[in-house]
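Same order as they appear, the protein sequences are chains A and B. Each residue of the first sequence is one higher than the one before, counting from 90 in this note's numbering. Each residue of the second sequence is one higher than the one before, counting from 2 in this note's numbering.
Distance ranges between label pairs, derived from CB positions: (1) A:Leu97 with B:Ile194: 24 to 32 Å; (2) B:Gln172 with A:Gly111: 16 to 24 Å; (3) B:Lys548 with A:Ala114: 27 to 35 Å; (4) A:Ala108 with B:Arg182: 20 to 28 Å; (5) B:Thr193 with A:Ser139: 29 to 37 Å; (6) A:Leu129 with B:Arg232: 53 to 61 Å; (7) A:Leu97 with B:Arg413: 23 to 31 Å; (8) A:Lys99 with B:Thr514: 54 to 62 Å; (9) B:Thr145 with A:Thr105: 31 to 39 Å; (10) A:Leu97 with B:Gly163: 41 to 49 Å; (11) A:Phe138 with B:Glu448: 37 to 45 Å; (12) A:Leu97 with B:Val187: 23 to 31 Å; (13) A:Phe138 with B:Ile462: 53 to 61 Å.
Since the hints were made in silico from the structure, they are not lab data. Virtual Cβ for every residue (Gly too), placed ideally from N, Cα, C.
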Amino acid sequence: MNETTLSLLKQDEKATVAALHGGSAFQHRLRSVGLKEGKLLRVVAKHHFSGPLVVEVERHHITIGRGMAQKIVVARVP
Amino acid sequence: MKTILLIGDPNVGKSVLFSRLTGVDVIASNYPGTTVDYLKGRMNLGGEAVEIIDAPGTYSLEATNKAEEVAVSLLDRADLIVNVVDATSLERCLLLTLELLAKHKPVILALNMWDEAQHLGININVHELENLLQVPVVPTVAITAEGVKELVRRLDEARISGRPVLEGEDQVWTEVGHIVRKVQTVAHRHHTIWDRLVDATVKSGTGWLAALVILFGLFWLVRLVGEGLIRYAVEPVFELYRTPIDALSNWLGSGLLQKMLIGTLIDGRVDYVQSMGILTTGIFVPFGMVLPYVVAFYLALALLEDSGYLPRLATVTDNVFHKLGLHGHGIIPVLLGLGCKVPGILAARSLETRKERFIVITLVGITVPCAAHTAMIFGVLGRYGASYILVVFGTLAALFLLLGFILNRTSRTECPELFLDIPPYRWPIPSAVAKKTWMRVRWFLTEALPLVLLGVLAACILDAVGVTGLLANYTAPFMQGWFGLPGAAGPALLSGFLRKELAIGMLVPLALTPAQLTVAVTVFAFFPCIAALAVMLKELGIKDMLKAMAAMILTSLLVGGILRIILI
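Generate coordinates for the entire structure from the input sequences, incorporating the hints supplied.
So this is what it looks like as structure tokens:
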């Protein structure tokens, strides 16, 4: 399986959300903006020096810090 | 009285709908979290007065921050709930909807941004959604008032849903997916050039380029509008005003009253900038020099807010702001501070940690020039060309970065990471932009004008009884020795504490060289006016306030001294 974390995806790569780690409040927050298991996402932008990522999910753009992105397990979609 | 609560996800248009229903003017913008506290208003519903409450946005009833807690706590007071839903993101909004339906209160759904959903090829079967949720659903476009009448007409149809209560988050999400599959179809869209352009504004390289272009464009707009207002509105009006002023001056003759009301005549006539009378300089500086730039600035800010660009700017600048101990959201207090430091400092409340708030408040207090100060910089240096103005702004920008970097090192607390929901770009609606600009300008006028008039009065009296001259002698060695400025600049600097506008009138008659003026207007930046100091004290508390003051005094001595050595 081509599983990795969101933080390791490159710009313009696509993936589906496989699992969420971290506290339940954090997971709840991610799901409530649409980042939930099974959803297809695309990395719109990835900022240098451990900066944030911008992901597109369900036509919405979300900015997410690199540390948070480490807690999102994804499966690459070719 | 019956209470109706407007509740929904952030940035779905609750405040716009609230404004439509109650006629109360509220600041609404195209970014999440504009409403951090709730607002109350009234409307007439079939001859009966009802109370409408606009709650801050929340994704769920399990609140994760202060603003969301407010929203949740308001639920108990509601007799009827209007759940405002963004039709373009039905799936994420339905979580809150299902949580609300389980509260056993009458609910009605406003399916807002209906036009945008249609435009995006999103089709929602309203009838099916009504059947599944067992409450009325009304498509609306709050910004154009489409569907709002229908919503009001059907308010009494709101009812308690008979749906079975779901247990646990998993079940709720499963049910959300189930409903969405049944009611929503989305036409496939290809990535267009427009989409690529939109993406480019959040990427690291092109995003910076876009930020520079957009901010430079806004700066240009502020100048264009400000100067246009001065040329075509302010100057003609004040030329007309000359006639009654001259008549009054002649009638009063020379004496203390004439000196206070009209001031000193320059070359036998009133000079609006230099005369220092209450009816001349006291009126001209706030209305003639500062107000045009305040209007221009708030217009540009409204365009920036309503376009949806701000969260993108926060994303792109996040890296730099992290070095200053802030995350990208820190740009919002800074931008507001460019208008007036008071709302800028208040906006720091939206930041999460105490350290972030201290850093951003200190930075806004010391290094961000407010509109009055910017007007002063242009007013006194404009005639010597752009280079001196660039020196002032360049110094302030460099200082902003340096000071933030240093303040960040003083405490080990890590700044939390950025987590932002980016709204789509929207064309700002002229009437909404005009209304918002007017609301802020009105606020500025009611807050600023009495203080300016009082300040001018105080300055005139002090000048007339000779205190100013005494003070000038007293501060002369220091002003001369450290900053290379004449002693008379001392009282001008002190008057800047009251209002920045006042200091312009006191600086111009001193006949300083451009280099001296550059040093003076830069040093002015480091002393916030009394209103800003009061808000700083309130927001920071006495201990942090003293730290901020120490930073302020050190900075002004160091930077003023260095500039003096380089320039004079």
